[in-house]
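Enquirer: Hints given; two lone chains; assemble the complex.
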Amino acid sequence: MSSSTMTAEPLHLEKPELQVLPPPVWVDGGPSLAQITDDIAHPMEARPGKGWWICFGIAFAALLNLGGMVTYLIANGIGVWGLNNSVGWAFDITNFVFWIGIGHAGTLISAILLLFRQQWRTSINRSAEAMTLFAVACAAMFPGIHMGRPWLAHFIFPYFPNQRGPLWVNFRSPLVWDVVAISTYGTISLVFWYLGLVPDLATLRDRAQGKIKKFIFGLLSLGWNGSHRTWSRYEITSLILAGLATPLVLSVHSIVSMDFATSLLPGWHTTIFPPYFVAGAIYSGFGMVMTLLIITRQTMHLERYITVRHLDKMAKVTMLTGMIVSYAYATEFFSAWYSGNIYERAHFINRATGPYAWCFYLMVLCNVITPHFLWTKKARTTVWFLFIVSILINIGMWFERFVIIVVSLHRAFLPSGWGMFYPTKVDIGILVGSFGLFFTLFLLFIRVLPMIAMWEIKNVASHTVDHKMAHGVGGEQNKEVIRA
Amino acid sequence: MDHHGETTPAGRSCKSSKDLLVQIGGPPVYWKSVDELQNGPRVTGEFPGGLPGGATSGPRAETTRRDFLALMGFSLAAAGLSGCRAPVQHAVPLLVGSDQIVPGVSNYYATTCRGCASSCSLLVKQRDGRPIKIDGNAESSLFGGGTCAGGQATVLSLYDDGRLKGPLWQGKSATWNEIDGHILQALNDAQTAQKSVVLLSGTMTSPSTRAIVAEWGRSNPRFRHVEYDPVSLSAMRQANKESFGQAAVPHYSFDKAKVIVGLDADFLGTWLSPVEFARQYASSRKPEKNAALHIQFEPGMSVTGSNADVRVPVAPSQLGATAIALLRRIAHKAGTSGPDQSADPVDSARLDAVAEALWKHRGESLVVSGSNEVAVQMVVNAINALLGNIGKTIDLARPSRQRNGDDAAVAQLVEEMALGHVGVLVLYGVNPVYDYPDSQAFAAGLKKVALSVSLNDRSDETGALVNAICPDHHFLEAWGDAEPVESNFSLAQPLIAPLFETRAAQDSLLRWMGREGEQSNYYTYLREYWRKDIFPRQKELPSFEVFWDQSLQRGVVTLASAGGAAPGPIHGGWQEAANKITQSAKAAPQGNSNSYELHFYESVALRDGRQANNPWLQELPDPISKVTWSNYAAIAPALAAQLKLENGDVVALKAGEKQVELPVFIQPGQEGRTISIALGYGRTAAGKVAENVGVNVFPLTALAAGQRRLSAVNASLASTGGKKPLASTQTHFSMEGRPIVLETSLDELEKESEKPEALPTLWAERLQGEHSWGMAIDMNACNGCSACVIACQAENNVPVVGKDQIERIRIMHWIRIDQYYSGPAENPVSVHQPMMCQHCQNAPCETVCPVLATTTSSEGLNAQVYNRCIGTRYCANNCPYKVRRFNWYNYTDNPKFDFNMESPLGRMVLNPDVVVRSRGVMEKCSMCVQRIQLGKNLALQGGRPLADGDIQTACQQSCPTQAIVFGDLKDPNSRVSQLQRSQRNYQVLEDLGTRPNVGYLKKVRNPMERS
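Residue numbers (my numbering), protein chains in the order written: chain A, 1 to 484; chain B, 1 to 1011.
None of these hints come from the bench; they were simulated from the model. As the structure is a prediction and not an experimental result, all values here were calculated from the model. We put the beta carbon where it would ideally sit given N, CA and C, even for glycine. Just so you know, not all the hints are guaranteed correct.
Now the in silico label distances, taken between C-beta atoms and shown as ranges [as the list claims (entries may be wrong)]: (1) B:S858 with A:W168: 14 to 22 Å; (2) A:F171 with B:S858: 15 to 23 Å; (3) A:F373 with B:K644: 35 to 43 Å; (4) B:E750 with A:M323: 54 to 62 Å; (5) A:G144 with B:K936: 34 to 42 Å; (6) A:A153 with B:V102: 40 to 48 Å; (7) A:F171 with B:K751: 46 to 54 Å.
Pulled a few chain B residues facing chain A out of the computed Cβ check, cut under 10 Å [stated by the list, open to error]: (8) S734; (9) M835; (10) V848; (11) C849; (12) P850; (13) A853; (14) C875; (15) N877; (16) V883; (17) R919.
The shape of chain B in the complex, shown without the other chains (with noise of 0.2 Å):
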């Protein structure tokens, strides 16, 4: 602040004004305005000479000694005080307040999420207005309250650091008008030049949208609008095409499935719809309604075989081979002829088993592939059908609209692109420069295109080579809708205004259509739309106005089929696919001994690699192997010991001309010639986070007749002799006999009936208040798809340290999921257990800590004191659990641990009820205390009894199978007390005696036989 006039000594500099104001060898008088300097003190009617008691008017400035003491006392106090005020950095300045922003409160608002195309509906906490909190919303019929930890760790994503800050032509700054007159430019020219325009986007789930490109498309006929997903279902919907006329994938119900038999589907990780699937897998697979049968084929360790009844390793092109023997054996049984005699690639015996348990549960059973080759999903369709699956567990009438990739499409795009047939080129949500099997053949095409345009939301491998980034808002910060399954609608919403000079994708579109001003906003359009196609479908409401309402606030709206009839039997065709198959396994080359094939999958934590630069996806362990921060090469453990290689050697893999080097890791379960690598890692130009973190695979993928294919056969694998250590969480995966977690059987569970008695203890009864916090957790229903770490993560401001810090053994996580195998190392049997601070009632921590700074509370929380803590870590060392956290460095504002906590941008997503913790303290799960408390303030506020159920915790919420219950063990009709007196409630190393709040439901076991 400039305050120089004020502070010039105005008494000695203006001897020519009135007396009043000049008092020579007094103090300086301060004049306060032009006016008063000239005529002196303005003389008011109630104090004539000036307000009473003032140090500057006239005589009384004299200082007595009782002043001088005064004055000297209050300086000092005043001095002391000053310097006992932490410093305040950053203020909001509520000007103009929001009615709808009270300061403390947050308000949540129902959208949905863009972190993929399955497009789930979102209900997003909302605080000082800011997102800070992503979870399912409850009101979703498909998705449920649950989330992924992709989708959980977006609201990180919009407040990322690479984002761009607004529109670039030519890789520098410009306008927006500036830009949109090069491009409409650009337009007249492809026009004139008889050149195609096309739109090159993902998956667009968004029916409005499709709207604006349909307008488009009858608006220009040389545009076209081609959807490239780079892992796509492309084959899916062509064999649908061929077997039932539909071009569509499917709406699958794993609810309604009895035995469900998973080739190379990891339907509970990142295939199609995760989220909707493990919620619907979670219901059938419940222990108490004659549990459904799960068998998988499959070639790595996904989550989806790590939770499967029976899994059977099989080599990615021996897939279609065990459809095919699995069709010919359902084919028998249907007394029909099925596909010619070959050799089964797995155990006959095991093939018969299953084929016997889909047989028994025709029509109640499903086959789901994950295969990009048509023949092979056609096969799938035959078995499907012959079962009678479809229609029941296989809904076409209503498909799904989540993945709409035409791989063919898009192949032929790129020959376009090379000829130089496309004037202009717009990407919206796609990368094709990065995840293009030839991408150097599309970057070349992109040359040869008259203008390119990327909507994204920054300057990735592909907007390095394009003419115009136009970004696109983030989802947060945009309306929307989607349509992810047919009829299923659900809206989006902002909840905050663009951080930068972004611009809706929707308003571009509408503007290089030629639209202007009104016509050319999104939201317009958006509420058009809805009014025009969606709003007469229902009969409800009469008024659009009460229904949008209703539905934005909702964020869900579930209407009937808009038609489509169920489709007809089966076309043939089906024979000649499987003889197609049996034929190219016959003629594919004979493998030497050093030929392997390569399996390509989405990692949960990276998917498609586009929210690579996110660092909590970068830190979270992978559910199965526990490795973060990088993609590594998992072999089998035979091949390994065959080999020589240990974890983190480093190999070559070549396939065709292509070459990546890679760290291995020794996967349990891993096929045994079959190498394992994620997608999605090795991006160079997505942000300072993704720098240098893996290998990109994409490249070794290649288009085999039109489709994409995620595998490759005739590998050759070398030894580099380098070493690139991977930084896993967990290296020990063997429970070593210890009672950790414990498995039942259905059989067992029947006979069973009593809970075993609890422990004896010598210590006293804890005395406890008005509540007794615990937790069930169900080994049954968690799958380790790790969106409670993300979650937990971002409600309770955990850090992210790196991966350097990650080999250390230090990860801040308050929730890890833990992996254990059991079994033969070829293929285990594996179970995951979420474990965080267990709130033991005789806590082993509590006692050893010599300064009180973790203690058990009344409402039976073990609590962390951190203005207490002194960091001895004894607590650590003595919690059998091992969740304590320690904060081995400062991790906020700390330029050695650049991630979001590093950046004023990052540190919008801090949650403001949950302290940010300093170096030197110890750490851990709190069972969300805020939410705890808020749960019991609103209570107190509505004066009524707190309910089962108003609190929930993080992890809780994000869980899409609902394996996490948190409630009060003091009121005995509460869900958690309930879980906790069945028969399959158990405590983690009950016999040490901590006596922990937290228990778990035994793992069912679901033999194979009993089918």
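Chain A with its partners taken away, still in its complex shape (with noise of 0.2 Å):
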């Protein structure tokens, strides 16, 4: 070993600079706490406004005819509707898959965005896992109401004790994981969304004029008294919930698929289906929380707290589910073709080709092509434009579940029991009565709840991050540390 002469160069070890980028600021205009609380609260205190009572009748009326139609539906039996022997589900299942869609962005913004500290959130998440919870109740209507025996529905529950011999349900029919899924799905949602709101309805509570408006708040806000102990393990369940949340997220979505996938029937028998309808559902979520935030801010007047960067946030989101969703309509053609199964080769062929192409093409126009409008900031950041879009997002997607289920039911395997579906008033009055329960739903929520989570949003105003920039404090959620 010998000692050769090492030019031992010395290490330039330089002390990285760090720089804290100011937090980001989701509020514009730089309110007080006290101007953000009574802006929030303002709808639920003050007489509602023209163009809500113009909303709250239009919706109304179409939940009073949707309860006409269910009566008459219930009353005369599923004939009523435009099924047949060849297509078994239609308008029914098509809703029920485009409702639960629509739950999962509440879930998403309220779980995932939660877990991954996206601050854009907080402005949103309220009124999206409202959202979430009146589109799950829309959607566990069809159901119930697509039974041929609406009565006897307590059927398909694996009740205890077993009062109907020895027969249980059938766990190995994916109806059954539907109802365990979705049941669980409403469960959390709930449970998360009543949990966010109770340091607001603290905060109503403390501002109550009324002795009875005082007595609910109190009774709801569970003696909220906003003490520091409080605010940690309130923290703490929020993130334990999110954690439970978020695999709901893509069990749901991905079970509900099973419906099909599980079954034979070429154009639902695909392993592809799981993260396709999660992907799917994410982007119409997405859609229909644009479409409901683009309005409310908009005749509530919250343009302030629904800046236009939130909806730039959402329209990237929607652009990456868009484009997942139309990879996965590749997907299906591509390995139609390829597994060289006359069955699915006839039937993607139809699905182009057939009867019902239009609503394909349509499907097509309104899921893949619409996304890439998106690629510009000035696309993002234009309201009315983004409104279109979301419109079309929504209608895209249910014809997305339109053409899953019914193109594939109405010509299956063999030719003597191909036929078509034609839609029936009470079908379409159905499919409107259900945009009815959910509007309904949602107007009553924005004038009795806070629709913005006045406690988060101050953790993004201007105010609080000036402050806590001043004194070095508040959470990791609060800073985003880069290596310069």
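Expert: Right, here's the structure in full:
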């Protein structure tokens, strides 16, 4: 071993400069904390405006129509729909999957974005979660009313004690999985939403003028006192619930997709369905969130809290999921061709060239082409344009489910059993009515509960941000540390 | 119930009576009789002071706390229990029981069908005193155990609300005596006025009724009997008279034929005796024994044509020329001079091949024609004579008696009526105002008849214009007999007491002949007739009583022929006939571009329309077009493309002066410029079911040379621009290259010897019990006749849903016959495939049902549990065979579905062994699980093992060709096991791995070159 001369150059270890970026500000105009509370509580404390009444009138009329249609349906039988021996599901299950999909954005925003520390969610998470609940309510209605004998709907629950002989439910049936998945999802969404409301309910309690109001909000706020301990436990609970809810975002629509994937029908029987459906659900959910928020920020004058930057973020999520969905469409066609399966091939040729081809092309237009309009920042920040895009997404995703369900069923294995589905007035009435139910619930929600989480948004208001910067306090979540 | 006497609080109102009954302030005491009221309760030795423990017996009337609690508990429980009981609606009081009727046990009686004149022998199931199911009488050597759809449906016609409840005089109900008085008076008047008395009946196959009629003729020289068939074989009878000196319809033997040529004769569907011919045809076409070759020339696609090895579309006007072209070739081969050279109406090479095949099998071939032209029938006679078929496949010595109608005689009668020469006209089983070509002339003539009487069961189109309607019994209520083929007798006996104030037609005739009392009783007459005329012709049984009982029990009696020498050689005259056809073809005006031929045919469901008020038949999909609830103008695909017509476009068709408007149906295989239209629709007075269903095209038929022509030339077609959707149960007729109906040829069948290996499966073998029920369906034997569809409907209480629901693809039939075409649309090859629940062992429906409402039983049946079903329809979506049927509405007791299940009378046809499904549940073929259960129970009671064939499903039993075989797959020797092992066996969509218990036997094609 010889000692050789080594040039040992001193290592220049430069101390990296840590630069603290200003936390993003998601409220425009720098309102004071009191101003925020006032602004958000305003719709609940003032008389509703004309715009609200018009919207509510239309929504409630549609809801009444739904009541009438469902009564007529249950009084007469499923025959009042356009279903037939070839097509056993159409608008009913299309609406069901559509509404379940809508719900997904809420859970994604409240749970996954919370875990990923996406600050911008704070303005929209409350209404998105409410939307989830109302969408799940709309969705849950359809499996009930689509049954031939809805008065026996409880047969589908694995009830206990079982008084109906040795039979239980069939755990091999995806419809039973649906029941479990959706009821879990509904429960978690409700709990999460309610938990998020508690500090705000306490604020409302403190602001309430009337005795009754005070009593109700007092009851609902579960004795919230705003102490440090309360806040600390509250935040931990939120995180745990977010962790529990996260897998549900993936599981619910995966399981809904198994209604189709586990069957043997060409067009249904495909392994790509779970991720494809989840992406589609998020896509449609964000579409609906955009529709709702664009309307509410305009009618409730909340532009300051739901900014164009929020819309931009959502438009980006929409683009991503839209392209995943497009990829799934392409994959379906490819595997139909590549598999060489004659039924699969016939199905996809029929999808693109058969009597329902217009539905397919409408779906492609809305779901494949529309997201690409959002590549420019200009498009993503033009509110009216985004509104049109969001409506197209809603239409496209409804038609996606219609294409999957009806086009697969109407021409299955035996050509002798082929037939067409044509919707009846009741089919359309119930579809419109489900929107009535959804919007009635949503409009009532924005009147009686704070549609933006007051306590959360204060974290991202400029006042709070300045305050935290000055004192060097604030949770990790308020800082973005980047190595320069 | 009126109990007001008992509910009066007697205790308070009768203070003067005995103390024991009067307890003021206590509970009221009830008295049972005036005697008791006045004298107090009767005191007996056993219980002085009344019955012990009674609440009303004096001092014990006090209510203790314990009594109170006990009573309260009891009344609460009783009140609760009474609510648990479903209301019972119609109890059947059986005050005096019949020793033959055991509740819940079926009886079977042999009788004879009168759905049409074919007079098939039947075995009818009677349950609790009601006939509920028709089946063929397997004892019959002619018809076997099969039936046709129309025959199956006759049981529902018994319970038809459209039937008359009693006799009518001038449209008002009257007593039988009144009407008999009027009629006897009119008969006397006719006698004095020297006017004729005419009985106009359909084909009369009953020998005893013929005897009555003959007797009437002998007693009254002015009496005449005319037989009238709306679709007659009158020309054939005439031709046979000229060719062989015998005006008869021969008895055909398709089973003895090796080559069969049909010239527009739908012998498997509607022609002459379809059940019998279908049976014969199936036996001669068995691939195992050198199947017969069948060539069919016809204008529209018929059931028969769809089964032919070679089918050639020919316009109705060219059928004669086709026959001549065949005759010329055969004559040439026979070395005699044939008809003059003329142009061949169809491909000459094809005709050469057909003639070659016929000649090769002379003596064992058969040419039949449905033409009602004497000349054509004479040419056909000549062909058969030259081929030596007479006496072999064509039996004139023992002729058929199933079509006796004489078109010329009817035409003559109508003339006579117009002249006012008819005094009394009795219409028996005919409805000429509906189906006579010139029905107005008939109606006008009817007005000039002094007294017209209809014996029909309803006030039909003719009934509205007659003086009296004396409704006959339905055949299931009546005695009778039939002789469909000479010396082949079939007896008929009532299965139920007449539902209404009806009277057997023969009773009426006997009475009007002047007989009275016992003498006018047809049953007595029938027995006497059999004692005198039939009994002496047999030698086995010495006693008539024994013979009668045995005949009644068996239903059929076959005797040696009564004589009638075999026909001599063919007379000349066919050459003139051939020339006449050629001449008339030349003389026919040349059609312009808007000149079409019309072709009228009987549909399998409605035939000539007499059962048009039967909802089962209206809803039976046509075996070829699958259209229900309407007739239509069938046009060729090329013509439709040329005229830009689509299914359901309404066109106006004009032939001569008459015009009809009908929706178009594009029929593959239809002759290019011929439009086929079904008869039997457009009834206006058959009842509410038949109302507004289809269009009557009988007025477009015409008489030519004394014979009814079921075709018209020079018809014009114009689109009306209207649209009338057709209610089809199938709209796509291509198999799309899928393994649904597999075919093989005789050559391949000879080469192939091993059945291909079953596809591997990843699923575990299912545990099975004692049996594994399965089916084998022979695609070669099935001809699509659809008898099984109605049989299943009758057996399993399948509801009728109506045209609107069929348009919405909601037919409820548990079994359907799928129809597929292959090859060119001008003349495709077609196949029929019976499709019902395949009873998969890896059933896709089963895994998806959330509530286990459908499960595979330990005996291999895919069972549907109605009580468990909540109606998600997931099972139907996942069923690759699309055989599941959902109850979209309540189809029973629902005024929106005003068919048989809405009426209390119509519901009498329901099978009590099968539950009637409510709305919202899924249903499907159960493989007649009730019959399986019954079969097992009977075997158990008999202490014997269940034998193969003990259990027959309804579809299997009704099939005239035995295309469906049901049995136990666990038993390696059962017929179904043997068939499923045969090399022809396959499963539909086998590659899906559903492993059905229903197997299909490949259709075997018989290429013409082989013969």
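Enquirer: None of the hints should be skipped; say for each whether it holds.
Expert: Each hint, compared with the structure:
1. B:S858 with A:W168: 14 to 22 Å: holds, 19 Å
2. A:F171 with B:S858: 15 to 23 Å: holds, 21 Å
3. A:F373 with B:K644: 35 to 43 Å: holds, 42 Å
4. B:E750 with A:M323: 54 to 62 Å: holds, 60 Å
5. A:G144 with B:K936: 34 to 42 Å: The hinted range 34 to 42 Å holds for G144 of chain A and K936 of chain B, with Cβ atoms some 40 Å apart.
6. A:A153 with B:V102: 40 to 48 Å: Between A153 of chain A and V102 of chain B, where Cβ atoms are some 42 Å apart, the hint holds.
7. A:F171 with B:K751: 46 to 54 Å: holds, 49 Å
8. S734: Holds, because the Cβ-Cβ distance from S734 of chain B to chain A comes to roughly 6 Å (cut-off 10 Å).
9. M835: Hint holds; M835 of chain B Cβ to chain A Cβ min 7 Å, cut 10 Å.
10. V848: holds, 5 Å
11. C849: This hint holds: C849 of chain B lies near chain A, its Cβ roughly 6 Å from the closest one there, short of 10 Å.
12. P850: holds, 4 Å
13. A853: At about 9 Å, which falls below the 10 Å cut-off, the nearest Cβ of chain A leaves the hint on A853 of chain B intact, so it holds.
14. C875: This hint holds: C875 of chain B lies near chain A, its Cβ roughly 8 Å from the closest one there, short of 10 Å.
15. N877: Result: holds, 4 Å to nearest chain A Cβ.
16. V883: With Cβ-Cβ at 8 Å, under 10 Å, it holds.
17. R919: The hint holds - R919 of chain B has a Cβ within 10 Å of chain A, the shortest such distance being about 4 Å.
Consistency note: the structure conflicts with none of the earlier hints.
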